[in-house]
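J.: Sequence:
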Amino acid sequence: MAFRIPPAPLTLTGSLVKLRPLDRSHHDGLVDAVQEGNLWETAWYTSVPAPDGVAAEIDRRLALAEKGEMVPFTAFDPAGRVLGMTTYYELVADVPRLHIGYTWNRPSAHGTGTNAESKLLLLRHAFEDLGVFRVGLTTQWVNFQSRTAIERLGAKQDGVMRAMSRYRNGALRDSVEFSIIEPEWPAVKANLEARLSKRA
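Take the sequence shown: its position 100, counting from 1, is numbered 90 in this note's numbering, and each next residue is one higher.
Simulated from the structure, these hints should not be mistaken for lab results. All values derive from a computational prediction rather than experimental measurement. Hints are not guaranteed to be accurate.
Here are the simulated distance ranges between beta carbons [claimed, not checked]:
| hint | residue 1 | residue 2 | range |
| --- | --- | --- | --- |
| 1 | P41 | M(-9) | 41 to 49 Å |
| 2 | P41 | E172 | 37 to 45 Å |
| 3 | E183 | R152 | 22 to 30 Å |
| 4 | D164 | T32 | 14 to 22 Å |
| 5 | E172 | S5 | 23 to 31 Å |
| 6 | Q25 | R(-6) | 34 to 42 Å |
| 7 | E80 | W131 | 17 to 25 Å |
| 8 | R185 | E118 | 26 to 34 Å |
| 9 | P(-1) | A184 | 23 to 31 Å |
| 10 | T32 | E174 | 26 to 34 Å |
| 11 | S165 | A46 | 21 to 29 Å |
| 12 | D42 | S187 | 18 to 26 Å |
| 13 | P97 | S165 | 22 to 30 Å |
| 14 | D49 | E183 | 30 to 38 Å |
Listed next, the in silico EDC-like pairs over lysine to aspartate or glutamate satisfying Cα-Cα at most 20 Å (straight line) [as the list claims (entries may be wrong)]:
| hint | residue 1 | residue 2 |
| --- | --- | --- |
| 15 | K188 | D67 |
| 16 | K188 | E167 |
| 17 | K146 | E80 |
| 18 | K57 | E31 |
Where a beta carbon is used, it is the ideal one built from N, C-alpha and C, also for glycine.
Construct the complete structure from the given sequences, taking the supplied hints into account.
T.: Here it is, written out as C-alpha coordinates:
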(Lines of atoms letter the chains of each structure in order from A and count residues from 1; the text may use other names and numbers.)
(Lines give C-alpha, C1' and ligand atoms only; values in the text may rest on other atoms or scores of the structure.)
Protein backbone atom coordinates (compact mmCIF):
# COMPACT_ATOMS: atom_id res chain seq x y z
CA MET A 1 0.00 0.00 0.00
CA ALA A 2 1.01 3.64 -0.43
CA PHE A 3 -0.44 7.11 -0.49
CA ARG A 4 -2.44 7.71 -3.66
CA ILE A 5 -0.48 10.93 -4.10
CA PRO A 6 2.50 12.02 -1.95
CA PRO A 7 1.63 14.28 1.01
CA ALA A 8 2.94 17.70 0.01
CA PRO A 9 2.40 21.41 0.75
CA LEU A 10 -0.83 22.76 -0.69
CA THR A 11 -3.60 25.24 0.14
CA LEU A 12 -6.95 23.95 1.41
CA THR A 13 -9.78 26.47 1.21
CA GLY A 14 -13.13 26.59 2.97
CA SER A 15 -15.66 29.35 3.62
CA LEU A 16 -14.44 30.07 7.17
CA VAL A 17 -10.77 29.19 6.99
CA LYS A 18 -7.93 28.80 4.52
CA LEU A 19 -5.03 26.47 5.32
CA ARG A 20 -1.86 27.62 3.58
CA PRO A 21 1.55 25.92 3.61
CA LEU A 22 3.49 27.25 6.60
CA ASP A 23 5.98 29.92 5.59
CA ARG A 24 8.42 32.08 7.54
CA SER A 25 6.52 35.14 6.28
CA HIS A 26 3.66 34.07 8.60
CA HIS A 27 5.80 34.77 11.68
CA ASP A 28 4.33 38.13 12.70
CA GLY A 29 0.75 36.93 12.28
CA LEU A 30 1.47 33.85 14.39
CA VAL A 31 3.06 35.98 17.10
CA ASP A 32 -0.05 38.17 17.12
CA ALA A 33 -2.21 35.04 17.44
CA VAL A 34 -0.31 33.63 20.44
CA GLN A 35 -0.26 37.03 22.14
CA GLU A 36 -4.05 37.13 22.12
CA GLY A 37 -4.91 36.30 25.71
CA ASN A 38 -1.33 35.13 26.36
CA LEU A 39 -2.31 31.85 24.75
CA TRP A 40 0.99 30.09 25.46
CA GLU A 41 0.43 30.60 29.20
CA THR A 42 -3.25 29.69 29.40
CA ALA A 43 -2.74 26.59 27.23
CA TRP A 44 0.46 25.37 28.90
CA TYR A 45 -0.34 21.72 28.09
CA THR A 46 -0.45 22.30 24.31
CA SER A 47 2.09 22.92 21.54
CA VAL A 48 1.53 26.69 21.59
CA PRO A 49 4.90 28.49 21.55
CA ALA A 50 5.64 31.70 23.44
CA PRO A 51 6.01 34.77 21.21
CA ASP A 52 9.79 34.56 21.31
CA GLY A 53 9.60 30.89 20.37
CA VAL A 54 7.44 31.25 17.26
CA ALA A 55 10.39 31.55 14.87
CA ALA A 56 11.99 28.40 16.29
CA GLU A 57 8.70 26.51 16.03
CA ILE A 58 8.31 27.57 12.40
CA ASP A 59 11.86 26.40 11.70
CA ARG A 60 11.23 23.09 13.51
CA ARG A 61 8.12 22.33 11.47
CA LEU A 62 9.72 23.36 8.19
CA ALA A 63 12.75 21.18 8.92
CA LEU A 64 10.48 18.19 9.48
CA ALA A 65 8.64 19.08 6.27
CA GLU A 66 11.92 19.05 4.34
CA LYS A 67 12.54 15.51 5.63
CA GLY A 68 9.05 14.39 4.55
CA GLU A 69 7.91 13.87 8.14
CA MET A 70 5.34 16.68 8.38
CA VAL A 71 3.09 18.84 6.22
CA PRO A 72 2.55 22.05 8.23
CA PHE A 73 -0.16 24.65 7.64
CA THR A 74 -1.00 28.15 8.84
CA ALA A 75 -4.72 28.82 9.28
CA PHE A 76 -6.14 32.15 8.04
CA ASP A 77 -9.62 33.62 8.25
CA PRO A 78 -11.33 35.06 5.12
CA ALA A 79 -9.96 38.53 5.94
CA GLY A 80 -6.39 37.19 5.90
CA ARG A 81 -5.84 37.24 9.67
CA VAL A 82 -3.68 34.42 11.01
CA LEU A 83 -5.64 32.10 13.30
CA GLY A 84 -3.04 29.49 14.19
CA MET A 85 -1.24 26.35 13.02
CA THR A 86 -1.97 22.69 12.27
CA THR A 87 -0.15 19.80 10.59
CA TYR A 88 -0.15 16.37 9.08
CA TYR A 89 2.52 14.27 10.81
CA GLU A 90 3.48 10.62 11.39
CA LEU A 91 3.14 9.97 7.68
CA VAL A 92 3.27 6.20 7.14
CA ALA A 93 2.94 5.16 3.50
CA ASP A 94 2.70 1.38 3.93
CA VAL A 95 -0.70 1.52 5.71
CA PRO A 96 -1.21 4.36 4.60
CA ARG A 97 -1.94 6.55 7.62
CA LEU A 98 -1.15 9.92 9.14
CA HIS A 99 -1.91 12.07 12.16
CA ILE A 100 -3.51 15.49 12.31
CA GLY A 101 -2.29 17.63 15.17
CA TYR A 102 0.08 20.15 16.72
CA THR A 103 -2.95 22.39 16.28
CA TRP A 104 -3.71 25.65 18.04
CA ASN A 105 -5.83 28.70 17.22
CA ARG A 106 -6.15 32.18 18.69
CA PRO A 107 -8.81 32.32 21.43
CA SER A 108 -11.20 34.55 19.46
CA ALA A 109 -11.45 31.79 16.83
CA HIS A 110 -12.68 29.23 19.34
CA GLY A 111 -16.32 28.30 18.85
CA THR A 112 -16.55 30.00 15.44
CA GLY A 113 -16.49 26.85 13.33
CA THR A 114 -12.99 27.45 11.96
CA ASN A 115 -11.52 24.43 13.75
CA ALA A 116 -14.33 22.14 12.55
CA GLU A 117 -13.86 23.36 9.00
CA SER A 118 -10.08 22.95 9.24
CA LYS A 119 -10.61 19.33 10.31
CA LEU A 120 -13.07 18.80 7.44
CA LEU A 121 -10.55 20.16 4.93
CA LEU A 122 -7.69 18.09 6.34
CA LEU A 123 -9.70 14.90 6.66
CA ARG A 124 -11.26 15.22 3.21
CA HIS A 125 -7.85 15.71 1.59
CA ALA A 126 -6.40 12.81 3.60
CA PHE A 127 -9.14 10.29 2.78
CA GLU A 128 -10.22 11.41 -0.69
CA ASP A 129 -6.98 12.68 -2.25
CA LEU A 130 -4.11 11.04 -0.37
CA GLY A 131 -6.02 7.77 0.03
CA VAL A 132 -5.21 7.16 3.69
CA PHE A 133 -6.91 4.36 5.62
CA ARG A 134 -6.40 5.77 9.13
CA VAL A 135 -6.16 9.29 10.53
CA GLY A 136 -4.94 9.56 14.10
CA LEU A 137 -5.57 12.43 16.51
CA THR A 138 -3.69 12.66 19.80
CA THR A 139 -4.31 15.03 22.67
CA GLN A 140 -3.37 15.30 26.31
CA TRP A 141 -5.38 13.71 29.10
CA VAL A 142 -5.77 17.08 30.82
CA ASN A 143 -6.94 18.86 27.64
CA PHE A 144 -10.66 18.23 28.10
CA GLN A 145 -11.61 20.84 25.49
CA SER A 146 -9.57 19.07 22.82
CA ARG A 147 -10.79 15.62 23.84
CA THR A 148 -14.41 16.79 23.56
CA ALA A 149 -13.77 18.41 20.17
CA ILE A 150 -12.16 15.24 18.80
CA GLU A 151 -15.04 13.09 20.05
CA ARG A 152 -17.50 15.47 18.37
CA LEU A 153 -15.75 14.77 15.06
CA GLY A 154 -16.81 11.15 15.38
CA ALA A 155 -13.33 9.82 16.13
CA LYS A 156 -13.04 6.72 18.27
CA GLN A 157 -10.84 6.66 21.36
CA ASP A 158 -8.18 3.97 20.97
CA GLY A 159 -6.63 4.31 24.41
CA VAL A 160 -4.64 6.30 26.94
CA MET A 161 -0.85 6.20 26.73
CA ARG A 162 0.55 7.00 30.16
CA ALA A 163 3.79 8.90 30.79
CA MET A 164 4.50 9.27 27.05
CA SER A 165 6.45 12.53 27.31
CA ARG A 166 6.88 15.61 29.46
CA TYR A 167 5.24 19.01 29.57
CA ARG A 168 7.36 22.14 29.37
CA ASN A 169 7.34 22.27 33.18
CA GLY A 170 8.80 18.76 33.39
CA ALA A 171 5.64 16.96 34.54
CA LEU A 172 4.91 13.61 32.89
CA ARG A 173 2.23 13.74 30.23
CA ASP A 174 -0.49 11.18 29.51
CA SER A 175 -1.77 11.17 25.94
CA VAL A 176 -5.16 10.08 24.59
CA GLU A 177 -5.18 8.50 21.13
CA PHE A 178 -8.18 8.72 18.79
CA SER A 179 -8.63 7.58 15.21
CA ILE A 180 -10.93 7.69 12.21
CA ILE A 181 -10.64 4.90 9.65
CA GLU A 182 -11.72 5.00 6.04
CA PRO A 183 -15.07 3.15 6.43
CA GLU A 184 -16.07 5.73 9.07
CA TRP A 185 -15.18 8.73 6.93
CA PRO A 186 -18.57 9.17 5.16
CA ALA A 187 -20.38 9.48 8.52
CA VAL A 188 -17.72 11.79 9.95
CA LYS A 189 -17.87 13.94 6.80
CA ALA A 190 -21.67 14.16 6.93
CA ASN A 191 -21.53 15.14 10.60
CA LEU A 192 -19.01 17.92 9.98
CA GLU A 193 -20.86 19.23 6.94
CA ALA A 194 -24.12 19.30 8.90
CA ARG A 195 -22.48 21.19 11.76
CA LEU A 196 -20.98 23.74 9.39
CA SER A 197 -24.21 24.17 7.40
CA LYS A 198 -25.87 25.54 10.54
CA ARG A 199 -23.38 28.42 10.43
CA ALA A 200 -24.10 29.30 6.79
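J.: All the hints need checking, so say for each whether the structure fits it.
T.: Verification of the supplied hints:
| no. | hint | in the structure |
| --- | --- | --- |
| 1 | P41 x M(-9): 41 to 49 Å | holds (42 Å) |
| 2 | P41 x E172: 37 to 45 Å | holds (40 Å) |
| 3 | E183 x R152: 22 to 30 Å | violated (36 Å) |
| 4 | D164 x T32: 14 to 22 Å | holds (20 Å) |
| 5 | E172 x S5: 23 to 31 Å | holds (26 Å) |
| 6 | Q25 x R(-6): 34 to 42 Å | holds (40 Å) |
| 7 | E80 x W131: 17 to 25 Å | holds (19 Å) |
| 8 | R185 x E118: 26 to 34 Å | violated (19 Å) |
| 9 | P(-1) x A184: 23 to 31 Å | holds (30 Å) |
| 10 | T32 x E174: 26 to 34 Å | holds (33 Å) |
| 11 | S165 x A46: 21 to 29 Å | holds (23 Å) |
| 12 | D42 x S187: 18 to 26 Å | violated (41 Å) |
| 13 | P97 x S165: 22 to 30 Å | holds (23 Å) |
| 14 | D49 x E183: 30 to 38 Å | holds (36 Å) |
| 15 | K188 x D67 | holds (18 Å) |
| 16 | K188 x E167 | violated (29 Å) |
| 17 | K146 x E80 | holds (18 Å) |
| 18 | K57 x E31 | violated (30 Å) |
Of the numbered hints stated above, those contradicted by the structure are hints 3, 8, 12, 16 and 18, listed in ascending order.
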